[in-house]
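Going down the list, the protein sequences come from chains A and B.
According to the numbering used here, the first sequence is numbered sequentially starting from 1.
According to the numbering used here, the second sequence is numbered sequentially starting from 1.
Some hints could be false.
Straight-line distance between alpha carbons at most 27 Å, and here's what the computed DSS-like set of lysine-lysine pairs gives [said to hold, decoys possible]: (1) B:Lys59 x A:Lys445; (2) A:Lys55 x A:Lys377; (3) B:Lys59 x A:Lys442; (4) B:Lys24 x B:Lys89; (5) A:Lys377 x A:Lys365; (6) A:Lys204 x A:Lys96.
In short, the hints are calculated from the structure, not lab data.
Remember, predicted model here, so these are calculated numbers, not experimental data.
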Amino acid sequence: MSNFHSIVSRRDFVRALGLAGAGIGTAAAAAPVFKDLDEVIASPSAANKRPWWVKDRELYQPTLEVDWDMLTPPDGRVSGQQTETQIHYLGSDEVKRRLSSNIMSPNVKAAINSTPGKTLRDQALGFSSIVPMMIHGISFMGPGLIPTPATTGVPKWEGTPEENSRMVRSVLTFFGAGMVGFGEISNLEREKIFYTYHKQVPNKRQVFEDVDVGYEDADKYVFPDRKLYKISMSLPMSREMYRTSDRSSLQFAANVSRYRHFSMLQPAFQEFIRGIGYHCYGYPVPQAGPMPAAVSAILTGLAESSRNSGYCISPDYGPVSGFFTFITDLPLEPTTPIDSGIWRFCQTCNKCAQTCPTQVIPYDKEPSWELPSLYGKLDIIHPAGKRMFYANHIECWMYCFEGGCGTCMATCTFNVNGAAMVHDVVKATLSTTPLFNEFLWKADKTFGYGAKSGEEKEDWWDLSLPSMGWDTTSFSKHGGY
Amino acid sequence: MWLIIGLILGASFLGLMMGLRTRKISLTWYEWLIGILGLGLLLFTIQNYFGSLAEIEPKAAYMFLLVTGLPSLILLAIAWQLVIRRIKKA
Chain A
1 MSNFHSIVSR
11 RDFVRALGLA
21 GAGIGTAAAA
31 APVFKDLDEV
41 IASPSAANKR
51 PWWVKDRELY
61 QPTLEVDWDM
71 LTPPDGRVSG
81 QQTETQIHYL
91 GSDEVKRRLS
101 SNIMSPNVKA
111 AINSTPGKTL
121 RDQALGFSSI
131 VPMMIHGISF
141 MGPGLIPTPA
151 TTGVPKWEGT
161 PEENSRMVRS
171 VLTFFGAGMV
181 GFGEISNLER
191 EKIFYTYHKQ
201 VPNKRQVFED
211 VDVGYEDADK
221 YVFPDRKLYK
231 ISMSLPMSRE
241 MYRTSDRSSL
251 QFAANVSRYR
261 HFSMLQPAFQ
271 EFIRGIGYHC
281 YGYPVPQAGP
291 MPAAVSAILT
301 GLAESSRNSG
311 YCISPDYGPV
321 SGFFTFITDL
331 PLEPTTPIDS
341 GIWRFCQTCN
351 KCAQTCPTQV
361 IPYDKEPSWE
371 LPSLYGKLDI
381 IHPAGKRMFY
391 ANHIECWMYC
401 FEGGCGTCMA
411 TCTFNVNGAA
421 MVHDVVKATL
431 STTPLFNEFL
441 WKADKTFGYG
451 AKSGEEKEDW
461 WDLSLPSMGW
471 DTTSFSKHGG
481 Y
Chain B
1 MWLIIGLILG
11 ASFLGLMMGL
21 RTRKISLTWY
31 EWLIGILGLG
41 LLLFTIQNYF
51 GSLAEIEPKA
61 AYMFLLVTGL
71 PSLILLAIAW
81 QLVIRRIKKA
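Taking the hints into account, I'd like the entire structure generated from these sequences.
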């Protein structure tokens, strides 16, 4: 028989039991309990789940200021990546000289000398990473292989925009996407965001016509003149490989990994949308879609603008992500632009500008509405109507074509992994207290974050990293991952 | 790791409270404050040190030892010395 005597009376015990029961009952009632996947899809929120310091903004009001009246639509034929544009500024002799003399021979020399980042195996990995994208052709309309409600007589899927958004997010995540955002294709988007001419040669026109279903012909991509929606998604890439920038085939392997993944993802997703009775207009090639992908990512709240206008930065994964945009007639619930303090931070931080090998990223403290002149000529590579920093993407891309770069993304203060809690503390601080921005980016430098150099680049080969080089659990909220 | 740190912390706190009770020592509010700040900073250092090593950022890991680890030990030492010297005086 026990000699212990309880100091809790029977009455207190019963009361405590009652309180505990009530507490558990309340918690159970408040917690989301899903009986099946239909209920998961039907739960109310279609927005991305974000940390508390990521604030939603109004539609079409990103943190980077935009004068929508002044904004000119982008022309895919004109950009720092296009040879014609490079020739416009540098002249054909100079472009030829730079490209013909600099692409293969330095690579061969580097392989012979086992230059870190350009050893034989680095280059083999870089080149091989892009091959599947060359083999798997993708198209504007999709493969059209699976049965659809139109062919089987089954009623097409009918869900609310919120349900559809959640469903699409689940599908794209399953197919390999990181984060997913949505928007309606308003007149504003048709007139100001869509490329007038597609970026991919032969630079077809992009038009809206009074048809039920879009199509592609010899000289144009046609979208139906009806209510359409966009889906913006990210494909994160290997941060570790990016940190081997610049002049690194390992960084190149990471860079093209998004196209490799996308060339498999897009046909599957287009077929899914067809399979439920709708249409999805995709990319004719993995590198170019209907609108600048970064703009779409910013407007749907996946990312914010950065000092280097060539990429954008996600509060969840930093700058090392690729973004893609689908157009569909499946009704979707829009997600809004965000404010996580990144664009404000970039106005103080100039780490990318300092480390840029070509010194083409501005050091200015304030963004500007004024387009700069490039090589004494008008800037035609940036649309007017944005208050931003204007990097010289002619030099940037020429340098990339000559042997690869990515240094800006590699050294970005936001290109950090997630194991140390300091990163969350820093992100929350800069989101709420811009006063510390300068201290924070200088501390980032002092603590040694950023690109690796010399033999350190080759350490990648001995690391044990996640499949496909990025942590696919970064965005998962369920299942205990 | 955090389970073990939690167990060590719990045992240390229990030991501290029992020691203080046995020796009939009471701590002033600022000794508690400095001690808790020091302990918090020490835990922050431990997490970021091992986190940075996991991230393959050894320089960051060592910087944490220096920038937050050292001050955390200084704060803990100050709290300890304040108590010791106050008791000696009494």
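What's the verdict on Lys204 (chain A) and Lys96 (chain A), does the C-alpha distance respect the 27 Å limit or exceed it? holds (25 Å)
Straight-line alpha-carbon gap Lys59 (chain B) to Lys442 (chain A), limit 27 Å: Holds, because 15 Å separates the two Cα atoms, which is no more than 27 Å.
Do the alpha carbons of Lys59 (chain B) and Lys445 (chain A) lie within 27 Å of each other, as the hint requires? It holds: about 11 Å lies between the C-alpha atoms, which stays within 27 Å.
Starting from Lys24 (chain B), check that the Cα of Lys89 (chain B) is at most 27 Å away, please. holds (15 Å)
Is the hinted pair Lys377 (chain A) and Lys365 (chain A) satisfied, with a Cα-Cα distance of at most 27 Å? holds (24 Å)
Lys55 (chain A) and Lys377 (chain A): Cα distance at most 27 Å? Status violated; Cα separation ~40 Å.
Checked against the numbered hints above, the structure violates only hint 2.
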